[in-house]
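S.K.: These are the residues of each chain, in order.
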Amino acid sequence: MEEIRIGVYICWCGTNISRMVDVEDVARELSEMPGVVISKDYKYMCSDPGQALIIKDIKEHKLNRVVVSACSPRIHELTFRKALENAGLNPYMFQMANIREQVSWVHDDREKATKKAKALVAAAINRVKWHESLDKRTVSINPSTLVIGGGIAGITAALELADTGSPVYLIEKTTELGGNMAKIDLTFPYLNSARQIIQEKIERTEHHPNIHIFKNTVVDEIFGYIGNFNSIIGQNGSEIDLKFGNIVVATGLKPFDPSGLENYGYGKFPDVITSLEFEKKLLSGNILTNEGKDPENVVIIHCVGSRNRSEHEYCSRTCCMTALKYANQLRSAIPDANIYQAYADMRAFGKGCEELYTSTSRKGIMFLMFDQQNDLPVIKKAEPGDSCNMLIEMNEKLSGEKIEIPADMVILMVGLEAHEDAKKISHTVGISLDGNSFFMEKHPKLDPVATTTSGVYVVGNCQAPKDIPDTITQAKAATARIMGTIKQGEVEVEVITAVVNEDICCGCQTCIQVCPYTAITYDVVKGVSVVNEAICKGCGTCGSACPTGAIRSRHFTDNQILSQIKGLLSKSLELKEV
Amino acid sequence: MAKKEKNKIKLAIYWGAACGGCCVSILDVHEKLFDIVAAADLVFWPIALDFKYKDVENMPDKDIDVTLFNGAVRNSENEHMANLLREKTKILVAYGSCSHLGGIPGLANFSNREEIFKRVYETTESTVNPEKITPQTKYKVAEGELSLPEFYNDVRTLDQVVDVDYFIPGCPPQSERLMEVFTAIVSGAELPPKGSVLGALDKSQCDECPREKSENKLIKEFKRPFEIEDDGKTCFLEQGVICMGPATRGGCGVRCIEGNAPCRGCYGPPTSVSDPGAKMMSAIATIIDENEPEAIEKVIDSIEDPAGTFYRFSVPSSIIRRNIETSEKKAEQAVV
Numbered sequence: 001m002e003e004i005r006i007g008v009y010i011c012w013c014g015t016n017i018s019r020m021v022d023v024e025d026v027a028r029e030l031s032e033m034p035g036v037v038i039s040k041d042y043k044y045m046c047s048d049p050g051q052a053l054i055i056k057d058i059k060e061h062k063l064n065r066v067v068v069s070a071c072s073p074r075i076h077e078l079t080f081r082k083a084l085e086n087a088g089l090n091p092y093m094f095q096m097a098n099i100r101e102q103v104s105w106v107h108d109d110r111e112k113a114t115k116k117a118k119a120l121v122a123a124a125i126n127r128v129k130w131h132e133s134l135d136k137r138t139v140s141i142n143p144s145t146l147v148i149g150g151g152i153a154g155i156t157a158a159l160e161l162a163d164t165g166s167p168v169y170l171i172e173k174t175t176e177l178g179g180n181m182a183k184i185d186l187t188f189p190y191l192n193s194a195r196q197i198i199q200e201k202i203e204r205t206e207h208h209p210n211i212h213i214f215k216n217t218v219v220d221e222i223f224g225y226i227g228n229f230n231s232i233i234g235q236n237g238s239e240i241d242l243k244f245g246n247i248v249v250a251t252g253l254k255p256f257d258p259s260g261l262e263n264y265g266y267g268k269f270p271d272v273i274t275s276l277e278f279e280k281k282l283l284s285g286n287i288l289t290n291e292g293k294d295p296e297n298v299v300i301i302h303c304v305g306s307r308n309r310s311e312h313e314y315c316s317r318t319c320c321m322t323a324l325k326y327a328n329q330l331r332s333a334i335p336d337a338n339i340y341q342a343y344a345d346m347r348a349f350g351k352g353c354e355e356l357y358t359s360t361s362r363k364g365i366m367f368l369m370f371d372q373q374n375d376l377p378v379i380k381k382a383e384p385g386d387s388c389n390m391l392i393e394m395n396e397k398l399s400g401e402k403i404e405i406p407a408d409m410v411i412l413m414v415g416l417e418a419h420e421d422a423k424k425i426s427h428t429v430g431i432s433l434d435g436n437s438f439f440m441e442k443h444p445k446l447d448p449v450a451t452t453t454s455g456v457y458v459v460g461n462c463q464a465p466k467d468i469p470d471t472i473t474q475a476k477a478a479t480a481r482i483m484g485t486i487k488q489g490e491v492e493v494e495v496i497t498a499v500v501n502e503d504i505c506c507g508c509q510t511c512i513q514v515c516p517y518t519a520i521t522y523d524v525v526k527g528v529s530v531v532n533e534a535i536c537k538g539c540g541t542c543g544s545a546c547p548t549g550a551i552r553s554r555h556f557t558d559n560q561i562l563s564q565i566k567g568l569l570s571k572s573l574e575l576k577e578v
Numbered sequence: 001m002a003k004k005e006k007n008k009i010k011l012a013i014y015w016g017a018a019c020g021g022c023c024v025s026i027l028d029v030h031e032k033l034f035d036i037v038a039a040a041d042l043v044f045w046p047i048a049l050d051f052k053y054k055d056v057e058n059m060p061d062k063d064i065d066v067t068l069f070n071g072a073v074r075n076s077e078n079e080h081m082a083n084l085l086r087e088k089t090k091i092l093v094a095y096g097s098c099s100h101l102g103g104i105p106g107l108a109n110f111s112n113r114e115e116i117f118k119r120v121y122e123t124t125e126s127t128v129n130p131e132k133i134t135p136q137t138k139y140k141v142a143e144g145e146l147s148l149p150e151f152y153n154d155v156r157t158l159d160q161v162v163d164v165d166y167f168i169p170g171c172p173p174q175s176e177r178l179m180e181v182f183t184a185i186v187s188g189a190e191l192p193p194k195g196s197v198l199g200a201l202d203k204s205q206c207d208e209c210p211r212e213k214s215e216n217k218l219i220k221e222f223k224r225p226f227e228i229e230d231d232g233k234t235c236f237l238e239q240g241v242i243c244m245g246p247a248t249r250g251g252c253g254v255r256c257i258e259g260n261a262p263c264r265g266c267y268g269p270p271t272s273v274s275d276p277g278a279k280m281m282s283a284i285a286t287i288i289d290e291n292e293p294e295a296i297e298k299v300i301d302s303i304e305d306p307a308g309t310f311y312r313f314s315v316p317s318s319i320i321r322r323n324i325e326t327s328e329k330k331a332e333q334a335v336v
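Heads up: the protein sequence lines correspond to chains A and B, in order. Here the first sequence stands for residues 1 to 578, numbered as in my numbering. Here the second sequence stands for residues 1 to 336, numbered as in my numbering.
Since the hints were made in silico from the structure, they are not lab data. One or more hints might be untrue.
[Unchecked claim] From the derived model, a few chain A residues whose C-beta atoms are all more than 12 Å from chain B:
{"no.": "1", "residue": "K40"}
{"no.": "2", "residue": "F269"}
{"no.": "3", "residue": "P335"}
{"no.": "4", "residue": "F349"}
{"no.": "5", "residue": "E396"}
{"no.": "6", "residue": "A480"}
{"no.": "7", "residue": "Q488"}
{"no.": "8", "residue": "N501"}
{"no.": "9", "residue": "V525"}
{"no.": "10", "residue": "G527"}
{"no.": "11", "residue": "P547"}
{"no.": "12", "residue": "R552"}
{"no.": "13", "residue": "H555"}
[Claimed, not checked] No farther apart than 30 Å at their CA atoms in a straight line, the calculated lysine-lysine pairs in the DSS-like style are these:
{"no.": "14", "chain 1": "A", "residue 1": "K487", "chain 2": "A", "residue 2": "K476"}
{"no.": "15", "chain 1": "A", "residue 1": "K43", "chain 2": "A", "residue 2": "K423"}
{"no.": "16", "chain 1": "A", "residue 1": "K281", "chain 2": "A", "residue 2": "K293"}
{"no.": "17", "chain 1": "A", "residue 1": "K476", "chain 2": "A", "residue 2": "K423"}
{"no.": "18", "chain 1": "B", "residue 1": "K140", "chain 2": "B", "residue 2": "K54"}
{"no.": "19", "chain 1": "A", "residue 1": "K424", "chain 2": "B", "residue 2": "K118"}
{"no.": "20", "chain 1": "A", "residue 1": "K424", "chain 2": "A", "residue 2": "K363"}
{"no.": "21", "chain 1": "A", "residue 1": "K423", "chain 2": "B", "residue 2": "K233"}
{"no.": "22", "chain 1": "B", "residue 1": "K194", "chain 2": "A", "residue 2": "K129"}
{"no.": "23", "chain 1": "A", "residue 1": "K537", "chain 2": "B", "residue 2": "K220"}
{"no.": "24", "chain 1": "B", "residue 1": "K233", "chain 2": "A", "residue 2": "K526"}
{"no.": "25", "chain 1": "B", "residue 1": "K220", "chain 2": "B", "residue 2": "K90"}
{"no.": "26", "chain 1": "A", "residue 1": "K351", "chain 2": "A", "residue 2": "K201"}
{"no.": "27", "chain 1": "A", "residue 1": "K183", "chain 2": "A", "residue 2": "K402"}
{"no.": "28", "chain 1": "B", "residue 1": "K298", "chain 2": "A", "residue 2": "K424"}
{"no.": "29", "chain 1": "B", "residue 1": "K140", "chain 2": "A", "residue 2": "K423"}
{"no.": "30", "chain 1": "B", "residue 1": "K32", "chain 2": "B", "residue 2": "K194"}
{"no.": "31", "chain 1": "A", "residue 1": "K112", "chain 2": "A", "residue 2": "K40"}
{"no.": "32", "chain 1": "A", "residue 1": "K268", "chain 2": "A", "residue 2": "K380"}
{"no.": "33", "chain 1": "A", "residue 1": "K129", "chain 2": "A", "residue 2": "K566"}
{"no.": "34", "chain 1": "A", "residue 1": "K243", "chain 2": "A", "residue 2": "K201"}
{"no.": "35", "chain 1": "B", "residue 1": "K138", "chain 2": "B", "residue 2": "K118"}
{"no.": "36", "chain 1": "A", "residue 1": "K243", "chain 2": "A", "residue 2": "K136"}
{"no.": "37", "chain 1": "B", "residue 1": "K233", "chain 2": "A", "residue 2": "K566"}
Heads up, the beta-carbon is just placed ideally off N, CA and C, and yes, glycines get one too.
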């Protein structure tokens, strides 16, 4: 076995780390650990000169392992792996110790923080000794894409891809394309017709030679991995085997059902309607009460089912602006009507939205504020002598007064929530759900349309409530990513995967059920489990499930983890007094 | 003792903290014992032949070719003899689960000396000891001073005390395996690298197990063997019975499973596993067929005696090694 020669680099991160950690002391003390050839500290390890220092040392001192102790590996692990590669070392002969997020930023005692930093670096040094070279792997990409959901998100993605010449299979579970956008009249903030926009897109989609549409269809199972997925779709009694390289999930969401909220009397009072029901009236051109009269008093109640711990804690994002849109449409249709906005907070971010708020507020609309957490308005039936059908009681927050508002029509701005089948879809495509049953993106900031499953993208409202421009932006972003892989023809896949040692595997099959990516199958002839490395994401579940130790999670082997723990504890004993 | 004949090897067998089963397992080779004595001089074997400590002390260093040491090291006598036999022996073999992994006596590491003495000398239902007399290492009588070995707080494996050349696992080891290893040693064949486990497979029990296995290992309730109507064919785990087979080295001929009892793990971990108890717990955790924390807890609660199930033979050799909380102070005093 070759002699282990480790280079250790402690980053100051300007004053970010050095302010709370004695970096020079850490470098000095850790230089004494077995295997460490050089140990240095430097102002900014991630800078070009910092990386150049590592590359120079690798060559000069014949280093074959490198430990950088700096920020989170989420930020710079790839940077340093690249540096190793540039120096001719395998990028996986590297380990990072996080002494910024895990030490300097969270502690206020310099002496103790320095000790903790030493323990973390010692753990990394111990671990890197067991690292092995891992080779890059690529798979070819089928140029077709499966788009699930035929709303504005799915249609946009399908058209973008199809226009570049790539085939698209568009799956829609209902009988019509268009989704929720086809159910609304005007869009905010510029009050353009939603129908005109979506209708043109639907027509183009339906006639596009590269788009194959499957309406009234759901996808039950998807097999394979990035570049090489397939699914069997039931169509008119026959089965079609589709093959595709990428998946766009654009399954949208549904409006909140306010029936359970007693204070709003939905279902009890015929003139209490939801925002989508009001859209229907707008589309029909008649805004009439249940009795067929023009409403004299219209109250628009915000945040129904949103921003409240008993329903949904999140903001549904589109309702405030939709409510302002309604006020404008009502003012045009019934100029004399009294229009009330009963709101909790007015959220008018986004291009043109604050302007819509300002212009609407100049149109004789009453804005009344209530406490969404503790004190919701209550809708009551009016007394026989009153001039209206309903009265709305509320504690108006700005004036501090308890008021009653007359109403002939109440519009509940219902929030948006995930479809009931979100969980099923997440299983089918192999992605995760967040606590609100919206699909999880890979990274909320750095990778908002990809998912942790390579080749699967989430766009539009199934990822979280958003307006039409944001939905279209996401759809186009995902298609750009997909087109990138199609153009390259192949894509690098995870090298940190699980591997079965067939000499040790006893065929107990414990691993098969636990794999969240269905990457493991049982080879009946050999009597062993087999990992399909193109599907495997290296999550390590099978490695911990395997009772015989036959499955090794590459880069997370028992030896690597145990020696990391030993390294941590060897220095932590000194921390015992702390 | 027979006179040393030419080409005969010198064999010693000793016991530490053991039940005696390992020594009996050597007798279990039946008529093959004649082959053993034909090839080897038994220079020390207290269970069968009369020797004194001084007989061993008087031997030159490395005089014994092979010593089979069974039993764990739990008192000063065990430790003294382990050191002595190491000095006198060329090939020291840890024989059986106790010597190899700590074995059943090793379960005492979940307790400590104080608790054990209290239970044994005071609180057992059959004990009458109002003066609370406990064993002393030295006691003066008219005739002089008597001594007893010191009972340690900690049970150790043989290789935690002295350098060990080979391990033969099992509680007790299969007699056939012993004969194979013995024959290999006397034949002068090239021996495997130092530290190897002999007389066992690299693969786990499941590899030899005739029961039908499938991927259907999702468990909603763990059961003890008497709580199921075993069909004699299906994998024990799939019937909800914890079987240590997957995390246990094969080679015993799946004796327990052939007897319709789940494997208890006496052969220790396969080469690829360092801590069989941890590995098996990890595996068991992944096959629990529940998602809600309370429901998962309920399934886990259905495991009777988890320590004795997962670590029946391997506490001292495991990562946890012993219960520290109840014995921190005692451990410091103990000779470790």
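S.K.: So, for every hint listed, does it hold in this structure?
M.R.: Results for each hint:
1. K40: Nearest chain B Cβ is 34 Å from K40(A), so the label holds.
2. F269: 39 Å, holds
3. P335: 56 Å, holds
4. F349: About 37 Å separates F349(A) from the closest Cβ of chain B, which puts it past 12 Å; holds.
5. E396: 43 Å, holds
6. A480: Check passes; 36 Å lies beyond 12 Å.
7. Q488: 36 Å, holds
8. N501: 7 Å, violated
9. V525: Correct as stated: the minimum Cβ-Cβ distance to chain B is 15 Å, above 12 Å.
10. G527: 8 Å, violated
11. P547: 4 Å, violated
12. R552: With a cut-off of 12 Å, R552(A) comes too close to chain B, as the shortest Cβ separation is near 8 Å.
13. H555: 17 Å, holds
14. K487(A) with K476(A): At roughly 16 Å apart (the allowed maximum being 30 Å), K476(A) and K487(A) satisfy the hint.
15. K43(A) with K423(A): Violated, because 47 Å separates the two Cα atoms, which is more than 30 Å.
16. K281(A) with K293(A): 13 Å, holds
17. K476(A) with K423(A): Within the cut-off at roughly 25 Å; holds.
18. K140(B) with K54(B): Status holds; Cα separation ~23 Å.
19. K424(A) with K118(B): Not satisfied, since the Cα-Cα distance of roughly 58 Å exceeds 30 Å.
20. K424(A) with K363(A): 46 Å, violated
21. K423(A) with K233(B): It is violated: about 37 Å lies between the C-alpha atoms, which goes past 30 Å.
22. K194(B) with K129(A): 23 Å, holds
23. K537(A) with K220(B): 28 Å, holds
24. K233(B) with K526(A): 21 Å, holds
25. K220(B) with K90(B): Distance of about 52 Å is beyond 30 Å: violated.
26. K351(A) with K201(A): 23 Å, holds
27. K183(A) with K402(A): 37 Å, violated
28. K298(B) with K424(A): With Cα atoms ~26 Å apart, K298(B) and K424(A) stay inside 30 Å; holds.
29. K140(B) with K423(A): 77 Å, violated
30. K32(B) with K194(B): OK: K32(B) and K194(B) at ~27 Å, within 30 Å.
31. K112(A) with K40(A): Holds, at about 21 Å.
32. K268(A) with K380(A): Roughly 10 Å separates the two Cα atoms, so the pair holds.
33. K129(A) with K566(A): It holds: about 13 Å lies between the C-alpha atoms, which stays within 30 Å.
34. K243(A) with K201(A): Judged against 30 Å, a Cα distance of about 25 Å means the pair holds.
35. K138(B) with K118(B): Given that 30 Å is the threshold and the Cα spacing comes to 19 Å, the pair holds.
36. K243(A) with K136(A): With a Cα-Cα distance of about 25 Å, the restraint between K243(A) and K136(A) holds, given a limit of 30 Å.
37. K233(B) with K566(A): 43 Å, violated
Checked against the numbered hints given earlier, the structure breaks hints 8, 10, 11, 12, 15, 19, 20, 21, 25, 27, 29 and 37 and satisfies all the rest.
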